[in-house]
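Each chain, letter by letter, is given below.
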Amino acid sequence: MSVGIISKVHPVRSHSNAAQGGINAALNPGDSWESHAFDTIKGSDYLGDQDAVEIMTREAPEEILHLEHLGVTFHRNEEGKLGTRAFGGASAARTYYVADITGQAIMHVLYEQLMKYSEQIARYEEWFCSSLAIDENGECCGVVTRNVADGSMELFQAKSVILCTGGNGMVWKPSTNALICTGDGIAMAYRAGAKLMDMEMIQYHPTTLAGKGFLITEGARGEGAHLLNANGERFMEKYAPNKMELASRDVVSRAEQTEINEGRGFPDGTVALDITVVPKKRVHEALREIVLVGRDFAGVDITREPIHIKPGNHYTMGGVKTDVDGRTDIPGLYSAGETACVSVHGGNRLGANSLLDTLIFGKRSGRDAAARAKRTDYAHVSRKVLEDEEAMIADIVGREKGSGRRISEIKLELGQTMDAKVAVFRDEAGITEALEVVRRLKEEAKTAYIDDHGSVFNQDLLAAIELGYMLDNAECTCVAALERKESRGAQYRTDFPERNDEEWLKHIDLEQTDDGPEISYSEVTITQWEPQERTY
Amino acid sequence: MAEYTIKVRRFQPESGEGPYWEKFDVDLDPSLSVLDGLLQAKDRDDGSLAVRCSCRAAICGSCGMKINGQSGLGCKTQIGEAQELADKQASATGKGGKGNSIVIEPMGNMPVIKDLVTDMESTHWAKIRRVTPWLLPHGEPPEREYVVEPESMIDITQSMACIQCGACVSSCLSMEADHDFIGPAALAKAYRFVGDPRDAETHERLHDLADDPHGIYDCTHCFSCIDACPKGVAPMDQIMRLRRKAGEQGIEDPNSGHDHEMAFVKIIEKKGTLDESLLLQESFAPGFKGKLKPSKRAIREMLGSIPTAIRGIKTGKMRSLHKLIPGVHPKLPDQDDVKAIYAHAEEHNEEFNLYIKGEEGELAEEDVEKGIERSTDPDTPQEVKNG
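So the sequences go chain by chain: A and B. Take any residue in the first sequence, note its place counting from 1, add 356, and you have its number in the numbering used here. Take any residue in the second sequence, note its place counting from 1, add 688, and you have its number in the numbering used here.
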């Protein structure tokens, strides 16, 4: 078996680095996978598929131990065993962590393993994927890539392809996401004919820095930090009297936005996160990264004064529709992590479930992809797909300066529009307006020009291709958000403020057509947890 | 908003031309970063300006570069601060004035691919792979987790905090002189395994790094990497820890660095100031046993140092000649205070790790030492500062 990893950035630059707080697993003797599963399903506002959630929560403990054995430096309790911290929406402290660099620690340890097994696994670092190759039977048979270092185009033939390209946060501005999170895999799968699901479900994280959108980990609230409005009131008492700051993220973000909208925020459109109530030693030991973020990016010493925060774009719950083995609608094409929608997160993801989703379904996809590769032969791959991509690139490079708008202008308009109209609170008029803007921008992108005409590290060209991905993602989110006429999880429609299980306890699926995304529906799998009213 | 001029060292490999400088005028809030400035120039003026970047929050490690000659991350350096430094540097060279250009260059000690993009693979990553950068545990893993001292995990979390940005490599003076030096990033990575109680090859790793002429003894203590590191990894500290551990394991150090350090520490503890008459003997022939039966190496080193000593006397570097007679050097009168410092350092040894001691040595003393825990009770009213 030959395995290759293709990444548009060096793998350790990938965005799993940003998962600060930890990873959930019911590993403690007093905890149970059922409790973890229920919290996840309640957190999802009952849109999560319960069979998938069961798999994820059952396999979680084994995965934590596997990572520990590989060398992840998880925090220990006084007995030297794995220790936990509390996290939002969870009924037990089941979040395992490495200070507040959990994602970074895990990803770097996994990269250590890649170096260890470099004979078996080839790495293509800084190779950019521009499209999927589909054979005459409609099966995925490879990817077309561009070597960023020299601009050469290469068609990789493959029996199985797994898309793990992260989410689409760059569609919104600001976002906690990295600049590389442009929804590449979601768009490539969509263009190849795969179905997308739950695209309206976009998480706004409750604690991001105003303006820059930097993330302050939920771990801060897990360690006991308070949210305060400008009057110094701990306002979560009104919205989630039991869980307070540790309610689900959609609930906390809405509470904050309500405070801000009703004039109880600070003049810069924020509320305050008060970490000074957490013992200093604990802050330095467990929240060091955000001490640095506060100091370097906000000029605030979080151990001495509250820091101003607001809800900000953070996570793509939706994505490429897959089954519990990562299989998409296209044979040979798999997806895992934020790119995929199994769906375990439904309408709202719980903190510290994203690394878990990525690891569990990444592993399952890998296994199934390997099994498929063993039982199938290489398909015939037409070179046409490579030629098409070369022509697409020649077209972009050939556009004359000043012939249209700059790529960066279009991106800015897209980001600001989406953040204004398709965010914490939404309504028909706003979403419709956003959709119109997105469709206009799609037209404008066709003539947008770039400055760099070279082959080596032509980031200008890659940005133009990424813009195309972002616009497809944005269009799908708008269409799905407009379609779902209820409020559930991250989708809060001020014109339909109630959850409506009778009509909308179902997934919205989208498929590409010449006239834009075509809507269909799929059932939510319910195993043992009937939908209930959701309070925290 | 404020206006800045950034002066970027550019290199376009396909142009057939050598590197050149280009100035861009940018307009942004002083609290925004140098990377934000570069991205504005790229967005508005020239999309061909190449710079690796992703997270903008100092966690992905993409945007290592030199800013006003100092290695660091573009996203973590505020442009207002970079301006202040540029002006300070200008006034130091007699140019003075405000609004001097902020100078931005690609990282050092690495080939440049294009503009600010360097070839990290052939330098940085090759060195990382040199230190066998994966855990080598004893036999089969346990059924549950490895049970280890909680402090041990916090201890190596400092080197786990490394984001592989290469800023330390860029700043490393030893590497400038010896391109084969394993270097600060890779050695900090090595400490992550040497300090990991789950790893079974500690001794082999230390031997490997000590025996390599480009290994742990190739570092010259210049502190550049500590200054450059955006994550408080303090690579030099990790190298010193490797040396200390190698010394503890009896691994021979060609420079006798560990013994020299121990001799230094012992003499000060005993006398309060440095007794040079003892330093050399204690470094090569420590203690009573060492002097009773000096090793061949000790004799060779002692004899070998005579010309240096004579040169020192001739040039007036060594003046209090009578102090070269062992035993003449006096004890400091308040030697008990010195001993108290030693005792304190011993007790707080673990606080040398940033993850334990907190930011810039600021330990919340009232919380830790006097055992006062701040209340986390939600009913306790907390003072709120607005603004």
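Hints listed in this document are in silico derivations from the structure and should not be mistaken for laboratory results. Where hints are given, some of them may not hold.
Here are the simulated DSBU-like cross-link-like pairs (lysine-lysine), alpha carbons at most 35 Å apart as the crow flies [unchecked claim]:
# : chain 1 : residue 1 : chain 2 : residue 2
1 : B       : K711      : A       : K529
2 : B       : K786      : A       : K529
3 : B       : K984      : B       : K1002
4 : A       : K798      : B       : K711
5 : B       : K958      : B       : K1005
Away from chain B, derived, C-beta distances all over 12 Å, residues of chain A [stated by the list, open to error]:
#  : residue
6  : E434
7  : A461
8  : E492
9  : G569
10 : G810
11 : L861
12 : E879
Pairwise CB distance ranges (calculated) [said to hold, decoys possible]:
#  : chain 1 : residue 1 : chain 2 : residue 2 : range
13 : B       : S703      : A       : D870      : 38 to 44 Å
14 : B       : S703      : A       : M471      : 31 to 37 Å
15 : B       : D715      : A       : D624      : 17 to 23 Å
These numbers come from a predicted model, not from an experiment. Idealized CB from N, CA, C, for every residue including glycine.
The hints, checked one at a time:
1. K711(B) x K529(A): holds, 28 Å
2. K786(B) x K529(A): Holds: K786(B) and K529(A) sit about 33 Å apart, inside 35 Å.
3. K984(B) x K1002(B): holds, 28 Å
4. K798(A) x K711(B): With a Cα-Cα distance of about 33 Å, the restraint between K798(A) and K711(B) holds, given a limit of 35 Å.
5. K958(B) x K1005(B): holds, 24 Å
6. E434: violated, 6 Å
7. A461: violated, 5 Å
8. E492: About 38 Å separates E492(A) from the closest Cβ of chain B, which puts it past 12 Å; holds.
9. G569: Per Cβ check, G569(A) is inside 12 Å of chain B; nearest 9 Å; violated.
10. G810: violated, 5 Å
11. L861: Holds, because the least Cβ-Cβ distance between L861(A) and chain B comes to about 36 Å, which exceeds 12 Å.
12. E879: holds, 38 Å
13. S703(B) x D870(A): 38 to 44 Å: holds, 42 Å
14. S703(B) x M471(A): 31 to 37 Å: For S703(B) and M471(A) the Cβ distance comes to about 35 Å; the hint holds.
15. D715(B) x D624(A): 17 to 23 Å: At 21 Å between Cβs, range holds.
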